[in-house]
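Peer 1: Residue numbers (the working numbering): 86 to 377.
I should point out that these hints are in silico values taken from the structure, not numbers from a laboratory. Every value quoted in this text rests on a predicted model; they were computed, and no experiment measured them. C-beta atoms are modelled at their ideal positions from N, C-alpha and C, and glycine is treated no differently. Please note that the accuracy of each hint is not assured.
With beta-carbon atoms standing in for the labels, derived distance ranges [what the hints assert, rightly or not]:
hint: 1; residue 1: Tyr336; residue 2: Val311; range: 36 to 42 Å
hint: 2; residue 1: Thr313; residue 2: Ile99; range: 44 to 50 Å
hint: 3; residue 1: Gln331; residue 2: Ile289; range: 21 to 27 Å
hint: 4; residue 1: Leu147; residue 2: Lys271; range: 27 to 33 Å
hint: 5; residue 1: Ile99; residue 2: Leu233; range: 26 to 32 Å
hint: 6; residue 1: Leu260; residue 2: Ser318; range: 25 to 31 Å
hint: 7; residue 1: Lys292; residue 2: Val248; range: 56 to 62 Å
hint: 8; residue 1: Tyr267; residue 2: Tyr317; range: 17 to 23 Å
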Amino acid sequence: MIREFKQSVTFEYIQIIVGAALVGLAYNIFYLPARLAAGGVSGMSTILYELFQFNPAYVQWLINIPLLIIGVIFVGREFGVKTFVGTLSVPFVIWITGDMALTVENPLLSAIYGGAVLGVGLGIVYRGNGSTGGTTLIAQILKKYTGLSSGFSQLVVDGFVVVTSAFVFDFELALFALMSIYVTSKVIDFVQLQTSPTKLILIITDKDEKIQSIIKNEMNRGLTKVKTIGGYSNAEKTMILCVVEQSEAVYFKKLLQEEEPESFVIFLNASEILGRGFSRAQFDRDELKKVD
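Take the sequences, apply the hints, and build the full model.
Peer 2: Written out as structure tokens, the structure is:
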């Protein structure tokens, strides 16, 4: 039932609202007090606030309206409705939290932590197939038609605002803003991929039965075997693929060094694991053990 809810449209809208709230808080806590115009419509509103004292929430609403129309045309009506929710939510959070006492004026801290909070917020919004409007909407359009990642797309479209901020504020603050954009882009991709602390292990060996026994009996994990031919020796070997948790990888490495040190082993970071062969299969086995 929980799984079905996470795949529903309602859950997507919840993600958009929660993510948009984090975006608005990142702006009021970190970016505006530190005078960082880290790209996007929020960066434009920071610049206009510095020059003319315009309210950032109102500025963002006014700029986002024509961009929202563009989004409906290029991306589709469903995306436009979700973007409309995100577009309203971010300035609303900025407006209601405008007088909050919690602020960070140090540009370095704001660049790092503000970038992280903003990245988490945008990543959650993107996972809900939405947008917070502004240049994030342009980034989503760029992603759709070019195949670039969301994080890199955001990095591209925010460059112009940062260059402008270098003239309005100073070059040093523009560099901090660039740092923040980089942090945000990496965190966005991290959140979207649901990067988990798992390892993909590739083992090339001629003693596959022994290693298979170690994986099944010692690790309680599944595996996949692929027949391979060595490029140097032309000898037939077996490549075993296995996915384990980070903590299990350390123990598994120790087992291999002790019991089969001659096998060729590669440990890779696995960003996302889908299907019943990893967590679900082990859950089923554990439940059967409880019944027995």
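Peer 1: Determine for every hint whether it applies to the structure shown.
Peer 2: Hint check:
no. : hint                           : result
1   : Tyr336 with Val311: 36 to 42 Å : 24 Å, violated
2   : Thr313 with Ile99: 44 to 50 Å  : 46 Å, holds
3   : Gln331 with Ile289: 21 to 27 Å : 22 Å, holds
4   : Leu147 with Lys271: 27 to 33 Å : 31 Å, holds
5   : Ile99 with Leu233: 26 to 32 Å  : 27 Å, holds
6   : Leu260 with Ser318: 25 to 31 Å : 53 Å, violated
7   : Lys292 with Val248: 56 to 62 Å : 59 Å, holds
8   : Tyr267 with Tyr317: 17 to 23 Å : 41 Å, violated
Taken one by one, the earlier hints fail for this structure at numbers 1, 6 and 8, listed in ascending order.
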